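Protein chains: 2
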Amino acid sequence: MIEQPKPSALSEQVQNMIEWLASYGGDGKGGVTRLLYDPAWRAAQQAIKSKMEELGLLARYDDAGNLFGRIDGHDSKAPVILTGSHIDTVIGGGKYDGAYGIIAALIAVEYLKTYYGLPIKPIEVVSLCEEEGSRFPITYWGSGSITGVKKREMVRGIKDANNVPFEQAMHAAGFGTMQHPEPKRIDLECFIELHIEQGEVLEREKKSIGIVSHIVGQRRYDITVFGESNHAGTTPMQWRHDAMFTAAELIRLLIHRANMEKSGLVATVGRIDVKPNVGNVIAREVTFSLDVRHSDADKIHAFCEECFGEFEKIAAQHGTSIVCEKWMDESPVAMDSSLSAAAENILKKEGISYKTMTSGAGHDSQVFGTYCPAALLFVPSRGGISHSPEEYTNAEDLQRGVRLLIAMLHKLAY
Amino acid sequence: MIEQPKPSALSEQVQNMIEWLASYGGDGKGGVTRLLYDPAWRAAQQAIKSKMEELGLLARYDDAGNLFGRIDGHDSKAPVILTGSHIDTVIGGGKYDGAYGIIAALIAVEYLKTYYGLPIKPIEVVSLCEEEGSRFPITYWGSGSITGVKKREMVRGIKDANNVPFEQAMHAAGFGTMQHPEPKRIDLECFIELHIEQGEVLEREKKSIGIVSHIVGQRRYDITVFGESNHAGTTPMQWRHDAMFTAAELIRLLIHRANMEKSGLVATVGRIDVKPNVGNVIAREVTFSLDVRHSDADKIHAFCEECFGEFEKIAAQHGTSIVCEKWMDESPVAMDSSLSAAAENILKKEGISYKTMTSGAGHDSQVFGTYCPAALLFVPSRGGISHSPEEYTNAEDLQRGVRLLIAMLHKLAY
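Residue numbers (the working numbering), protein chains in the order written: chain A, 1 to 414; chain B, 1 to 414.
Hints in this document: simulated from the structure, not taken from any laboratory.
These numbers come from a predicted model, not from an experiment.
Certain hints may be false.
No farther apart than 25 Å at their CA atoms in a straight line, the calculated lysine-lysine pairs in the PhoX-like style are these [claimed, not checked]:
id, chain 1, residue 1, chain 2, residue 2
1, B, K299, B, K275
2, A, K411, A, K349
3, B, K113, B, K77
4, A, K275, B, K184
5, A, K206, A, K349
6, A, K326, B, K275
7, A, K349, A, K113
8, B, K6, B, K411
9, B, K299, B, K313
10, B, K6, B, K113
11, B, K275, A, K29
12, B, K411, B, K77
13, A, K262, A, K299
14, A, K411, A, K6
15, B, K411, A, K275
16, A, K262, B, K313
17, A, K348, A, K6
18, B, K159, B, K184
19, B, K77, B, K6
20, B, K29, A, K275
21, B, K262, A, K313
Make a model of the complete structure from these sequences and hints.
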């Protein structure tokens, strides 16, 4: 184990920097909104660029708007150890989601540079331009551009809620015109991301760090039940083809089965839309969302097949019909086992409690994970709350994450 | 049985008058919109007033906007035989709902006057000003004003969707200023209403006339499930308090139990509102409507009590909570059995098929029924469709209803 910074000093530093970064796009009520290429986003990236330069890092953008701060290694030809997270937020999001991974990387590199000088391999801190999909209907634009998973033609024609085309917003922010280098990188050794959990597993199990083994795969469906509208008073029960009744049966079945599974599968119906949605009219059409996640794609497949088979029987009984439209099918992504083992060793030596777990939420690490070894490390989220001004991680937990990152980078780059 | 008009001539007359009245407020696409006191409503009432005068009836409004056409009896002190229905419609409604009862009454009185001269007791045709509640949040304003169930102070402060106060609209149409007599009547012997079924019982059972024994009672509830919002990916199933899951269980229970009942009870969940209603967020709050109807108030009560008892158990299992807010509780209303028997006798003699049934929808007859003997008589609705431009009753069925009304009025007034 390397010489460790004083926890109390580190706690204060990380908290101060969380507040500093949250001031860009802060709404004065604890919420933060930084949408891709908008003024708050630009100001935040510029502030981080200045901070990088202050710390003696070589700072530069790529043409997508990702920001890098590089500390060169003795072996300048060696592949790069990349660490960071995303700068964008949801609308009215918290101070920690994404921001924490960038701040932790800046602090870690500053510390290593101060105490250990230049590394052998270059380290780069990255402030990824976009992950959330909260302005335009595209996610992982930052990590996707770096890894080549997202291509420029994918944003042509897409617009934000105010009808601003993606490329117009990109140009206005100074990107997409080849003033900066191409985003695609071929010189990465690995990617390490520190992130808040956004769930309450660590808090409930009283663990300080989560080592992510897999980011779950997920399928999303829109399921529509077609019945027959009729008068609530004049239509006897036996003649009804009530889309709401069928939908209730299907939702109950889905959640009940997911509850019975003990494999960690999660299934959620969060949205429902009813036509005509009037109290005294039998529903003719009900559409509901289905979100199913697991670290094993086969488990997701089996769950859906089994439920959809039952759907047909229920619909036949009710005289209704069902259409299941799958609009997302993402495979699970494994994190790199030797990076995870390195994290585990460090935590064991330090006596910091941890849990190996899956991530039920998507992260940039899943994009990097299909391209280079990647590690995703969690710190606890109070009450599991995220994407909200209530998002919070205490300073103690924040500094433990930074110390882990320092030790990981030291092991990998020095 | 009295001498009957020729069915073919009657069919043509009733169809012509349906089209004539539908031209007031017609949208050119088969739909009709006449909202209380609006220009189409005023034009329709004026047209009926002129028609009444043409037929030699003494026509007058009351101060609520109800329109009466009177044929005096030899015994002018005798209580009045009142017949008619409502002139107002829902938005984009059909040509038959309400209108048919007014038209049938006009034709019947014209026929009786022509062939039998003056009756012994006075007969009045009424075009009731409002039943649907489609402009202002009040229903049965017409029949309620006549029977004294609805009082003037009940409309103070209520507004339409454009924020027009009820009384302002009333004054603009020339009512509510005591230019016309007080609506409250104390001189009614009975009320007879001919109406389309708005259900498909008569059509399915191939009956020409429905004799309504009861108008069902109904309760309406808003049922809210309170759970806990959380991330669809990061929250294991066992820690969830999913308001959507609870709601699905409750809706399924309600409809399943109603299906098991063989007493004619109907229960409908037609509306659902979810917070936040986002596919990847576990619902924190779900509100759904419940509409329960039966001709026996005790059955409604027992059904609700039984289901709500189960609700508590389900919520306890899910760690959610439930609030059931009852906002309507209308008692069933019996129609007058001797008027129904009179109708039955006429139909038997004429060899017209009929069915004694309950009405699952509300009608002005239920307001009159608490105040004086009332009869509600149905003709079939094609496919049970109502409140739609698709609303339709064939001319054959329409004329059978008119013939029944002629015979009833003859029996009662001559």
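These are the hints, each one checked on the structure:
Proximity of K299 (chain B) to K275 (chain B) is assessed by CA-CA distance (about 33 Å); at most 25 Å being required, the pair is judged violated. In summary, the hint linking K411 (chain A) to K349 (chain A) is supported, as the alpha carbons are separated by about 14 Å, within the 25 Å threshold. With a C-alpha separation of about 19 Å, the suggested pairing of K113 (chain B) with K77 (chain B) holds against the 25 Å cut-off. A hinted pair counts as satisfied when its Cα atoms are at most 25 Å apart, and K275 (chain A) with K184 (chain B) does not qualify at roughly 41 Å.
Distance check on the hinted pair: K206 (chain A) and K349 (chain A) sit about 18 Å apart at the alpha-carbon level, within 25 Å; holds. A C-alpha spacing of about 23 Å is found between K326 (chain A) and K275 (chain B), which places the hinted pair at or below 25 Å, so the restraint holds. For a cut-off of 25 Å, the pair hint linking K349 (chain A) to K113 (chain A) stands: about 23 Å separates their Cα positions. Simply put, K6 (chain B) and K411 (chain B) have alpha-carbon atoms about 19 Å apart, close enough for the 25 Å limit, and the pair holds.
Taking the CA atoms of K299 (chain B) and K313 (chain B), the gap is near 22 Å; set against the 25 Å cutoff, the hint holds. Restraint check for K6 (chain B) and K113 (chain B): satisfied, since their Cα atoms lie roughly 16 Å apart, inside the 25 Å limit. Proximity of K275 (chain B) to K29 (chain A) is assessed by CA-CA distance (about 22 Å); at most 25 Å being required, the pair is judged to hold. With a C-alpha separation of about 18 Å, the suggested pair K411 (chain B) and K77 (chain B) falls inside the 25 Å cut-off, and the hint holds.
For the proposed pair K262 (chain A) and K299 (chain A), the alpha carbon gap of about 11 Å is at most 25 Å, so the pair holds. Under the criterion of a C-alpha separation no larger than 25 Å, the hint pairing K411 (chain A) with K6 (chain A) is consistent with the structure, at around 19 Å. A hinted pair counts as satisfied when its Cα atoms are at most 25 Å apart, and K411 (chain B) with K275 (chain A) does not qualify at roughly 47 Å. Of the pairs offered as hints, the one joining K262 (chain A) and K313 (chain B) holds, with about 24 Å between alpha carbons and a cut-off of 25 Å not exceeded.
A C-alpha spacing of about 19 Å is found between K348 (chain A) and K6 (chain A), which places the hinted pair at or below 25 Å, so the restraint holds. Of the pairs offered as hints, the one joining K159 (chain B) and K184 (chain B) holds, with about 23 Å between alpha carbons and a cut-off of 25 Å not exceeded. For the hint linking K77 (chain B) to K6 (chain B), the alpha-carbon distance of about 33 Å lies beyond 25 Å, and the restraint is violated. For the hint linking K29 (chain B) to K275 (chain A), the alpha-carbon distance of about 22 Å falls within 25 Å, and the restraint holds.
Proximity of K262 (chain B) to K313 (chain A) is assessed by CA-CA distance (about 24 Å); at most 25 Å being required, the pair is judged to hold.
When each numbered hint is compared with the structure, violations occur for hints 1, 4, 15, 19.
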